[in-house]
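Engineer: If you want the building blocks of each chain, they are given just below.
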Amino acid sequence: MAMSAGTKALEKMWEELVELCNSQFDSPQFKRLLGLKFTKQRAQHYSIQMAYYVQNRRDCWGYVQGSVPLDVKQLIWRHEEDELIGRKDQGKADHITLAVKEGEVLGLSAEAFDKTVRLEGGEVCFSAWIRLSQRSWLEAIAASAILEMRNSGELVRAGSLSRRIGAIFERDLGIPMKKQINNAEHVVMDVEHAHMLMQVARKYATMETAQRGILRGAKESLLIDRVYRGHLADMLESLA
Amino acid sequence: MNLVQDLCGTLDKMVNDQFDSVEFKTFFGVPLTMERARFYVVQNALYTSNRRDCWGYVQGGAPLEVKRVIWEHESDELINDPRAGMDHFSLTVKQGEVIGLKPEDFEYAEVPAMVQACFHAWHHVAMHGHWLTAYTASHMLERRNNGKIVKGGGMSFRVGKKFENELGISLKKMISLDVHVVADTEHSENISEMFERYVKSAEDCERVLEGARDSMTIDRAYRGALGYYMAQIH
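Chains as they are written, first to last, in this note's numbering: chain B, 5 to 244; chain C, 14 to 247.
Bear in mind the hints are in silico, worked out from the structure with no lab data behind them.
Check the hints yourself; a few may be wrong.
Restricting the straight-line Cα-Cα distance to at most 25 Å, the calculated cross-link-like pairs of lysine to any residue (SDA-like) are [stated by the list, open to error]:
#1 B:Lys119 - C:Arg210
#2 C:Lys115 - B:Gln78
#3 B:Lys207 - C:Val82
#4 C:Lys161 - C:Ile112
#5 B:Lys182 - B:Glu196
Residues of chain C clear of chain B, computed beta-carbon distances all greater than 10 Å [unchecked claim]:
#6 Glu36
#7 Phe41
#8 Ser62
#9 Gly69
#10 Arg96
#11 Lys107
#12 Pro125
#13 Ser183
#14 Leu184
#15 Val195
#16 Ser205
#17 Glu206
Ranges between beta-carbon positions, derived for each pair [what the hints assert, rightly or not]:
#18 C:Asn15 - B:Arg216: 51 to 57 Å
#19 C:His133 - B:Glu23: 34 to 40 Å
#20 C:Asp19 - B:Glu23: 56 to 62 Å
#21 B:Asp75 - C:Lys164: 18 to 24 Å
#22 B:Thr11 - C:Tyr121: 22 to 28 Å
#23 B:Ala13 - C:Lys26: 53 to 59 Å
#24 B:Arg36 - C:Ser214: 41 to 47 Å
#25 B:Lys35 - C:His137: 40 to 46 Å
#26 C:Glu219 - B:Leu79: 34 to 40 Å
#27 C:Arg226 - B:Glu23: 46 to 52 Å
#28 B:Lys207 - C:Gln129: 21 to 27 Å
#29 C:Tyr121 - B:Lys92: 39 to 45 Å
#30 B:Leu38 - C:Lys26: 55 to 61 Å
Quantities reported herein were computed from a predicted structural model and do not represent experimental measurements.
Note that the Cβ used here is the ideal one computed from N, Cα and C, for glycine as well.
The shape of chain B in the complex, shown without the other chains:
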């Protein structure tokens, strides 16, 4: 059956979003971050800053949940179950607990997560993401969802960010992926979460203006993402 013009436009938008995610890995900031050798100290600091990143995601998804239509609120509420609460029936902890537990493998205590300050550049990026999450709802949801698309091994050709960082931890520190419980969880969960945006777009973004809004939100978020990864690379380079 032939695709309608609306469906074609949506598919085209999706392809563009996927390409944008793939392009992140060609940016100087991503190349610099992923080109570094991770010492134990660097891995520890990276891990702590990523816990703050996960917390910022919870802030942003909360704001997005506030502005979206009721049926999309329900989708986000379920999405946040994995992140905030975990799935007790499957024995899975929430993602902040996972980040702290993963830290143990790197020799980090729970207090290290409480006591280490946020990276200044990271703080600025977090504020920018929050600002984006308070824009019109389609822009806002795209801004948050694109970060999970960028972390989906199904969409990013040479492996998602979590997968690539996991491989570096394995290569440089000898920690197998299965022991990196937070990275391993995100490798799986973000494949599932990455499809939410298209699910929403099929219902609410049939008009070109709506699709433009989604692309605008996604592009701005990926821009912040590049800046953030650049700051992380700076921090790691400053550490032995």
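Assemble the complex: chain B is given as a structure, and chain C must be docked to it using the hints.
Structural biologist: Okay, now just chain C, sitting in the frame of chain B:
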């Protein structure tokens, strides 16, 4: 008395005072007809929707532990309240059947101007205030519905009684109002516990009171607006 006990005493007085305000008295003074009841029930669904917006924003700004409490709170509201076997928006739509409303009546409902202004005001507090201010602003509307705190019954209970007395529809048949009589008592108690944990200084108290004052002001304007619009329906 400690800081939080004093604070909660002030909040309790504020929610009780709402019912003595000219706006609340105007609202409750408009006799219900079936048409006015339909208008109210549809508007109440939109109010519920606005609550979901605001709690989402509050969740966004709150510390992680508080986010989790709000997420649990939103389970009843958005997904499924075991007391009702459905989410609260569906419950309101279902309640509408008793007075001849169809799902389309909710879907295509218009938000009157003064009501819209109140919704925007609640959004503003939820999104832009300090998290304790935003949190309290949303919490106060459930506290104002808590029959253990409000002498003479919370808002849902009183509106339910109005339906019973003026239209002969028992509170048990107004399933959304009936569930909220209990649900908001539980919700306001769970949410109130967070004050014990996070209110430690006079500055924290002021943030809480700011949210309470703002939300109660908007609430009075909202009820006054509903009373005004209901009085226009003959």
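Engineer: Determine for every hint whether it applies to the structure shown.
Structural biologist: Results of checking the hints against the structure:
{"no.": "1", "hint": "B:Lys119 - C:Arg210", "in the structure": "holds, 20 Å"}
{"no.": "2", "hint": "C:Lys115 - B:Gln78", "in the structure": "holds, 22 Å"}
{"no.": "3", "hint": "B:Lys207 - C:Val82", "in the structure": "violated, 30 Å"}
{"no.": "4", "hint": "C:Lys161 - C:Ile112", "in the structure": "violated, 29 Å"}
{"no.": "5", "hint": "B:Lys182 - B:Glu196", "in the structure": "holds, 19 Å"}
{"no.": "6", "hint": "Glu36", "in the structure": "holds, 26 Å"}
{"no.": "7", "hint": "Phe41", "in the structure": "holds, 29 Å"}
{"no.": "8", "hint": "Ser62", "in the structure": "violated, 6 Å"}
{"no.": "9", "hint": "Gly69", "in the structure": "violated, 3 Å"}
{"no.": "10", "hint": "Arg96", "in the structure": "holds, 18 Å"}
{"no.": "11", "hint": "Lys107", "in the structure": "holds, 15 Å"}
{"no.": "12", "hint": "Pro125", "in the structure": "holds, 20 Å"}
{"no.": "13", "hint": "Ser183", "in the structure": "holds, 28 Å"}
{"no.": "14", "hint": "Leu184", "in the structure": "holds, 26 Å"}
{"no.": "15", "hint": "Val195", "in the structure": "holds, 22 Å"}
{"no.": "16", "hint": "Ser205", "in the structure": "holds, 20 Å"}
{"no.": "17", "hint": "Glu206", "in the structure": "holds, 18 Å"}
{"no.": "18", "hint": "C:Asn15 - B:Arg216: 51 to 57 Å", "in the structure": "holds, 54 Å"}
{"no.": "19", "hint": "C:His133 - B:Glu23: 34 to 40 Å", "in the structure": "holds, 38 Å"}
{"no.": "20", "hint": "C:Asp19 - B:Glu23: 56 to 62 Å", "in the structure": "holds, 58 Å"}
{"no.": "21", "hint": "B:Asp75 - C:Lys164: 18 to 24 Å", "in the structure": "violated, 39 Å"}
{"no.": "22", "hint": "B:Thr11 - C:Tyr121: 22 to 28 Å", "in the structure": "holds, 27 Å"}
{"no.": "23", "hint": "B:Ala13 - C:Lys26: 53 to 59 Å", "in the structure": "holds, 57 Å"}
{"no.": "24", "hint": "B:Arg36 - C:Ser214: 41 to 47 Å", "in the structure": "holds, 43 Å"}
{"no.": "25", "hint": "B:Lys35 - C:His137: 40 to 46 Å", "in the structure": "holds, 42 Å"}
{"no.": "26", "hint": "C:Glu219 - B:Leu79: 34 to 40 Å", "in the structure": "holds, 37 Å"}
{"no.": "27", "hint": "C:Arg226 - B:Glu23: 46 to 52 Å", "in the structure": "holds, 50 Å"}
{"no.": "28", "hint": "B:Lys207 - C:Gln129: 21 to 27 Å", "in the structure": "holds, 24 Å"}
{"no.": "29", "hint": "C:Tyr121 - B:Lys92: 39 to 45 Å", "in the structure": "holds, 40 Å"}
{"no.": "30", "hint": "B:Leu38 - C:Lys26: 55 to 61 Å", "in the structure": "holds, 59 Å"}
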